[in-house]
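Novice: Take a look at the letters that make up each chain.
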Amino acid sequence: MAYRVVHAGVFLLSLVPLVRTATQALGGGLGANPIEEALHRMGWWALAFLMLTLAVTPLRRLSGWGQLIKLRRTLGLFAFFYATLHFGVYVGIDQFFAWEFIVEDIMDRPYITVGFTALLILTPLAVTSTKKMVKRLGGKRWSRLHKLVYLAAALGVVHFLWQVKADIREPAIFGAVLVTLLGYRVVYSRMRRHKARQPKEEGAPMPYEAGSAPAAGRAGVP
Amino acid sequence: MLIKRPSDIKESEVTDERLYVNRRQFIRTAGTLGAGLGLVAAAPSLAACGGDMDAEDPGARAAGQEEELTPYEDVTTYNNFYEFGTGKDDPAKHAHTLSTRPWTVSVDGECNKPGTYDIEDILKRYPAEERIYRLRCVEAWSMVIPWMGFPLADFISDLEPTSQARFVEFRTLHDAEQMPGQRRSVLDWPYVEGLRMDEAMHPLALLSVGLYGEVLPNQNGAPIRLVVPWKYGFKSIKSIVGLRFVRDMPMTTWADAISNEYGFFANVNPGVDHPRWSQKRERRLGELRRRPTLMFNGYAEQVAHLYEGMDLRRYF
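As they're listed, the protein sequences go chains A and B. Going by our numbering, the first residue of the first sequence is number 1, and it counts up by one from there. Going by our numbering, the first residue of the second sequence is number 1001, and it counts up by one from there.
Hint data in this document are derived by calculation from the structure and do not stem from the laboratory. Worth double-checking, as some hints may not be accurate.
Within a straight-line C-alpha distance of at most 25 Å, the following computed DMTMM-like cross-link-like pairs (lysine to aspartate or glutamate) qualify [to be verified]:
hint : chain 1 : residue 1 : chain 2 : residue 2
1    : B       : 1124      : B       : 1090
2    : B       : 1113      : B       : 1158
3    : B       : 1093      : A       : 100
4    : B       : 1280      : B       : 1248
5    : B       : 1113      : B       : 1198
6    : B       : 1088      : A       : 167
7    : B       : 1093      : A       : 37
8    : B       : 1280      : A       : 104
9    : B       : 1093      : B       : 1158
10   : B       : 1088      : A       : 37
11   : A       : 165       : B       : 1158
12   : B       : 1280      : B       : 1139
13   : A       : 165       : B       : 1068
14   : B       : 1280      : A       : 100
15   : B       : 1093      : A       : 167
16   : B       : 1088      : B       : 1068
17   : B       : 1280      : A       : 94
18   : B       : 1088      : B       : 1287
19   : A       : 165       : B       : 1256
20   : B       : 1093      : B       : 1214
21   : B       : 1280      : B       : 1068
22   : B       : 1113      : B       : 1248
23   : A       : 165       : B       : 1188
24   : B       : 1280      : A       : 108
25   : B       : 1093      : B       : 1139
26   : B       : 1124      : B       : 1214
27   : A       : 165       : B       : 1175
28   : A       : 165       : B       : 1273
29   : B       : 1088      : A       : 100
30   : A       : 165       : B       : 1160
31   : A       : 165       : A       : 108
32   : B       : 1280      : B       : 1261
33   : B       : 1093      : A       : 104
34   : B       : 1088      : B       : 1177
35   : B       : 1280      : A       : 37
36   : B       : 1124      : B       : 1158
37   : B       : 1088      : B       : 1248
38   : A       : 165       : B       : 1214
Using the sequences and the hints given, assemble the complete structure.
Specialist: Set out below in structure tokens:
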């Protein structure tokens, strides 16, 4: 029940950036260059939702609230949603479907190449986000495929970093957040491996694949 | 004694006569009704300078003619002036901390009249005239701005540069108290720009002290700034406190920061792309579709001769 309320709240909050931008656009509240402003905002939120998506697992482990994992798909899909809007504003409004210039941009300008690649990577992840697709792919293959989200997030940060002229503060903050979130995973898996090895050091022979020790460790943090 | 020399360009070529005659009324209209209504030459301009303009024929679109002015609101709330922050709306938000009086411009280097010139004396000595120029930012957006100002050449002539002077270097105020953006070392403060002497003496190069018939707002570079309409906007240095005549090409701020992206000359050139974005087209603020960028921002007829024989790919 509590989860349902949280999920509904997260869903509605996730729509706020879009609704706000749209209403401001209609009311002339996006400044002198509204197209650029909308473009930048959608891109910013795509990156922010990617970070939120990647924050779910650490938060789940630290808080012990297992239900949080269900938010991951919603947040991830919103990241894809805003990335698609970002690309849509670029293609449909900023460039007004001038394909020869769009292709040139994607081919010749590294920051656009990188951003476009990130969107391409996110696409199969969004497509395979349903329960049905998880089943069809099988848990292991599915989660291996979805590891690509790390690459997409890193490319997103590089895209932002390369786009700014001199003031790299904002992309640097995104970069620091990403490094923290990925760093947490590295430390966590090291600790698990360490724990798994301990009985061995005490002399008790353990089969390599025995998952009981780490599983017990995990059980403490549901 | 102010030495006047005849201008190469008739005033009517710089400013459309209808705009000139109607400017008072225009200024009032734009001022009271705000953004989006500065459409003095609207209807004919849309027909005459639509997206398919032939970029080879700048004569078809003489400087400032038949183009809508960018509303005062947009000109004064959207620009780069990193001394007040790196966001486009930061200058308008933060430039109130700049104090433009008292203000002096120090002059030194290769000239016979070095010294410190008070802004009040400068304003008295050089009456401001209106010049409507296109402004093309290196970030591929553009505006049309009715500046108030006087030819840089008039000021320089009075300073009597010697034959040793090959370049003139400009410097912006460096005072983090007044310019809070300078607390962060985003750029190597103070901002420095420069022109070759023949560029500086060109009649289109303007020292601006106002826009839309009003005193220059702080965020647009008060109390005195440079406007070089055939170059990317970052060449048009704002809030100038120093001017120096030098023998060697000065190191300018953006060229120093990212040398492969910003050159000393920085002439508007659709044929030479910025490494990170195309310069072939631009967004004129207020327009939905991008329009083709013109060589030398449409001032080729007036300035192309300055660069004859120069490889503009190399000297970008």
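Novice: Does each hint hold? Answer for all of them.
Specialist: Hint by hint, here is what the structure shows:
For the suggested pair residue 1124 of chain B and residue 1090 of chain B, the alpha carbons sit about 31 Å apart, so the restraint of at most 25 Å is broken. Between residue 1113 of chain B and residue 1158 of chain B the CA atoms are separated by roughly 8 Å; this keeps the pair inside 25 Å, and the hint holds. A hinted pair counts as satisfied when its Cα atoms are at most 25 Å apart, and residue 1093 of chain B with residue 100 of chain A does not qualify at roughly 38 Å. Of the supplied pair hints, the one linking residue 1280 of chain B and residue 1248 of chain B is violated, its CA atoms being roughly 31 Å apart against a limit of 25 Å.
Taking the CA atoms of residue 1113 of chain B and residue 1198 of chain B, the gap is about 19 Å. The hint holds against a cut of 25 Å. For the suggested pair residue 1088 of chain B and residue 167 of chain A, the alpha carbons sit about 12 Å apart, so the restraint of at most 25 Å is met. Simply put, residue 1093 of chain B and residue 37 of chain A have alpha-carbon atoms about 17 Å apart, close enough for the 25 Å limit, and the pair holds. Straight-line distance between C-alpha atoms of residue 1280 of chain B and residue 104 of chain A comes to about 11 Å, which keeps the hinted pair within the 25 Å bound.
Simply put, residue 1093 of chain B and residue 1158 of chain B have alpha-carbon atoms about 37 Å apart, too far for the 25 Å limit, and the pair is violated. A hinted pair counts as satisfied when its Cα atoms are at most 25 Å apart, and residue 1088 of chain B with residue 37 of chain A qualifies at roughly 10 Å. For the proposed pair residue 165 of chain A and residue 1158 of chain B, the alpha carbon gap of about 38 Å is over 25 Å, so the pair is violated. Of the supplied pair hints, the one linking residue 1280 of chain B and residue 1139 of chain B holds, its CA atoms being roughly 11 Å apart against a limit of 25 Å.
At roughly 29 Å between alpha-carbon atoms, residue 165 of chain A and residue 1068 of chain B are farther apart than 25 Å, so this suggested pair is violated. About 12 Å separates the Cα atoms of residue 1280 of chain B and residue 100 of chain A, which keeps this hinted pair within 25 Å; it holds. Between residue 1093 of chain B and residue 167 of chain A, the direct Cα distance comes to roughly 18 Å. Compliance with the 25 Å bound is thereby established for this hinted pair. The suggested pairing of residue 1088 of chain B with residue 1068 of chain B holds, with an alpha-carbon distance near 22 Å, which does not exceed 25 Å.
The suggested pairing of residue 1280 of chain B with residue 94 of chain A holds, with an alpha-carbon distance near 14 Å, which does not exceed 25 Å. Distance restraint check for residue 1088 of chain B and residue 1287 of chain B: the Cα-Cα separation of roughly 18 Å lies within the 25 Å cut-off, and the hinted pair is therefore satisfied. Our distance criterion of 25 Å between C-alpha atoms is met by residue 165 of chain A and residue 1256 of chain B, whose separation comes to about 13 Å. Proximity of residue 1093 of chain B to residue 1214 of chain B is assessed by CA-CA distance (about 19 Å); at most 25 Å being required, the pair is judged to hold.
Straight-line distance between C-alpha atoms of residue 1280 of chain B and residue 1068 of chain B comes to about 21 Å, which keeps the hinted pair within the 25 Å bound. Note on residue 1113 of chain B and residue 1248 of chain B: the hinted pairing holds, with a Cα-Cα distance of about 20 Å set against a maximum of 25 Å. Taking the CA atoms of residue 165 of chain A and residue 1188 of chain B, the gap is near 14 Å; set against the 25 Å cutoff, the hint holds. A threshold of 25 Å between alpha carbons decides the hint, and for residue 1280 of chain B with residue 108 of chain A the separation of about 14 Å falls inside it, so the pair holds.
Of the pairs offered as hints, the one joining residue 1093 of chain B and residue 1139 of chain B holds, with about 21 Å between alpha carbons and a cut-off of 25 Å not exceeded. Restraint check for residue 1124 of chain B and residue 1214 of chain B: the C-alpha separation of about 16 Å stays at or below 25 Å, so the hint holds. As the CA atoms of residue 165 of chain A and residue 1175 of chain B are separated by approximately 23 Å, the hinted pair is consistent with the 25 Å bound. For a cut-off of 25 Å, the pair hint linking residue 165 of chain A to residue 1273 of chain B stands: about 15 Å separates their Cα positions.
Between residue 1088 of chain B and residue 100 of chain A the alpha-carbon distance is near 29 Å, which puts this suggested pair outside the 25 Å criterion. Between residue 165 of chain A and residue 1160 of chain B the CA atoms are separated by roughly 38 Å; this puts the pair beyond 25 Å, and the hint is violated. Restraint check for residue 165 of chain A and residue 108 of chain A: the C-alpha separation of about 18 Å stays at or below 25 Å, so the hint holds. For the suggested pair residue 1280 of chain B and residue 1261 of chain B, the alpha carbons sit about 16 Å apart, so the restraint of at most 25 Å is met.
The straight-line distance between the Cα atoms of residue 1093 of chain B and residue 104 of chain A is roughly 36 Å, outside the 25 Å bound, and the hint therefore fails. For a cut-off of 25 Å, the pair hint linking residue 1088 of chain B to residue 1177 of chain B stands: about 20 Å separates their Cα positions. Our distance criterion of 25 Å between C-alpha atoms is met by residue 1280 of chain B and residue 37 of chain A, whose separation comes to about 21 Å. For the suggested pair residue 1124 of chain B and residue 1158 of chain B, the alpha carbons sit about 14 Å apart, so the restraint of at most 25 Å is met.
This hinted pair does not check out: residue 1088 of chain B and residue 1248 of chain B have alpha carbons roughly 33 Å apart, beyond 25 Å. Straight-line distance between C-alpha atoms of residue 165 of chain A and residue 1214 of chain B comes to about 31 Å, which puts the hinted pair past the 25 Å bound.
Of the numbered hints listed earlier, those contradicted by the structure are 1, 3, 4, 9, 11, 13, 29, 30, 33, 37 and 38.
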